[in-house]
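K.L.:
Single-letter residue listing:
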Amino acid sequence: MGLLTGLRSSISRAASTLFSDEESKRIGIYGPPNAGKTTLSNRIVRDWTEHGDAVGPESHIPHETRRARRRENIEIERDGKTVTIDVVDTPGVTTKVDYTEFLEHDMEKEDAVRRSREATEGVAEAMHWLREDVDGVIYVLDSTTDPFTQVNTMLIGIIESQDLPVLILANKIDLEDSSVQRIRNAFPQHETIPLSALEGDNMDEVYDNIAEYFG
Amino acid sequence: MPEVKPRDGVRIDLISGERMDGLASMEKIRMILDGVRDGNIVILEEGLSPDEESRLIEVTMTEISPDEFNGIEIETYPRKETADASFLDRLMGRESAKKLTVIGPANQIETLHKDETLIQTLVSRK
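Protein chains in written order, with my numbering: chain A, 1 to 215; chain B, 1 to 126.
Treat each hint with caution, since some may be false.
To be verified - Cross-link-like lysine-lysine pairs, in silico, DSBU-like; alpha carbons within 35 angstroms at most: (1) B:K98 to B:K114; (2) B:K114 to A:K109; (3) B:K98 to A:K96; (4) A:K109 to A:K25; (5) A:K96 to B:K114; (6) B:K99 to B:K114; (7) A:K25 to B:K99; (8) A:K25 to A:K81; (9) A:K96 to A:K81; (10) B:K98 to A:K25; (11) B:K114 to A:K81.
No lab work stands behind these hints: they were computed from the structure.
The whole structure should be built from the sequences, with the hints applied where relevant.
P.N.:
Printed below as a string of structure tokens:
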């Protein structure tokens, strides 16, 4: 980042901090494919909105979410205070997409190719949102898998370089192979909160931290 | 860069930090992707900045094409300097990763092991 760009960005962030206390913060839900980002987004929306419509469909097939989706003005109440956020559910970030992997999920070639094309567009869109349009990040990881991947280290590095507040969520603690400590070891510089977005386990701690980090 | 056609092997381009310093972000990304799309392994002595990594992912996504190019595999050590860099360093753009980075075609490079101090990859021919 050059001096002028950096200065402009810093002034812009400082100004938004000063003047937007009452405004909704845009919180991007990021992470690799199949970490449970949409399941978490749906859980937050269902817990804190009257109608509670889903942000998007959940699936075990990677790249189910291929467009960033925003749900506005979600008011989370903690300790008598209200924090208002926009939840931005983003496609899982990756550096590669191979349509043949979708064929393993009983998909026709034409559908698999279309899904892979949409997935690549979605990842590019997610990266753009991260650089330009979010005020904070919830980084969701599947606690049954190795967190020491390049995508995770790169994305955490990108988030840190933008000075965005980030909360790491170790999802899927309801599964037998879950290891929250493995994630804590990989990213010791950040708070890691365990949860099961699917079962709703430990959501109180998640909401406490959302209020603290993004309020 | 002189064109070399490997007859029976994998070409590896080791690119110095000095060479990268003279390039704009998009020139770096273009050079990396052109090399990788030709089936080469690109090794950067000093890596990319977080912003350049973000743009590399974005441009890679726009170039993925079924049966032609599946994307890239990229490996580097976890970055510690950025987290520790002062506000002034980041403001001045002094946030260089300075981390050896290996980039290759996704269908030719496979990570076997990775931790804070060691990256083991398996590179195969097309």
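K.L.:
Please go over all the hints and tell whether each is borne out by the structure.
P.N.:
Now for the hints, and whether the structure bears them out:
1. A distance of roughly 18 angstroms separates the Cα atoms of K98 of chain B and K114 of chain B; the hinted pair therefore holds under the 35 angstroms criterion.
2. Distance hint between K114 of chain B and K109 of chain A is fulfilled; the C-alpha atoms sit about 33 angstroms from each other, no more than 35 angstroms.
3. Note on K98 of chain B and K96 of chain A: the hinted pairing holds, with a Cα-Cα distance of about 24 angstroms set against a maximum of 35 angstroms.
4. A distance of roughly 40 angstroms separates the Cα atoms of K109 of chain A and K25 of chain A; the hinted pair therefore is violated under the 35 angstroms criterion.
5. For the suggested pair K96 of chain A and K114 of chain B, the alpha carbons sit about 18 angstroms apart, so the restraint of at most 35 angstroms is met.
6. Taking the CA atoms of K99 of chain B and K114 of chain B, the gap is near 14 angstroms; set against the 35 angstroms cutoff, the hint holds.
7. Of the pairs offered as hints, the one joining K25 of chain A and K99 of chain B holds, with about 33 angstroms between alpha carbons and a cut-off of 35 angstroms not exceeded.
8. Simply put, K25 of chain A and K81 of chain A have alpha-carbon atoms about 15 angstroms apart, close enough for the 35 angstroms limit, and the pair holds.
9. For the proposed pair K96 of chain A and K81 of chain A, the alpha carbon gap of about 42 angstroms is over 35 angstroms, so the pair is violated.
10. Restraint check: the Cα-Cα separation between K98 of chain B and K25 of chain A comes to about 33 angstroms, which is no more than 35 angstroms; the hinted pair holds.
11. As the CA atoms of K114 of chain B and K81 of chain A are separated by approximately 43 angstroms, the hinted pair breaks the 35 angstroms bound.
Checked against the numbered hints given earlier, this structure breaks hints 4, 9 and 11; the rest are met.
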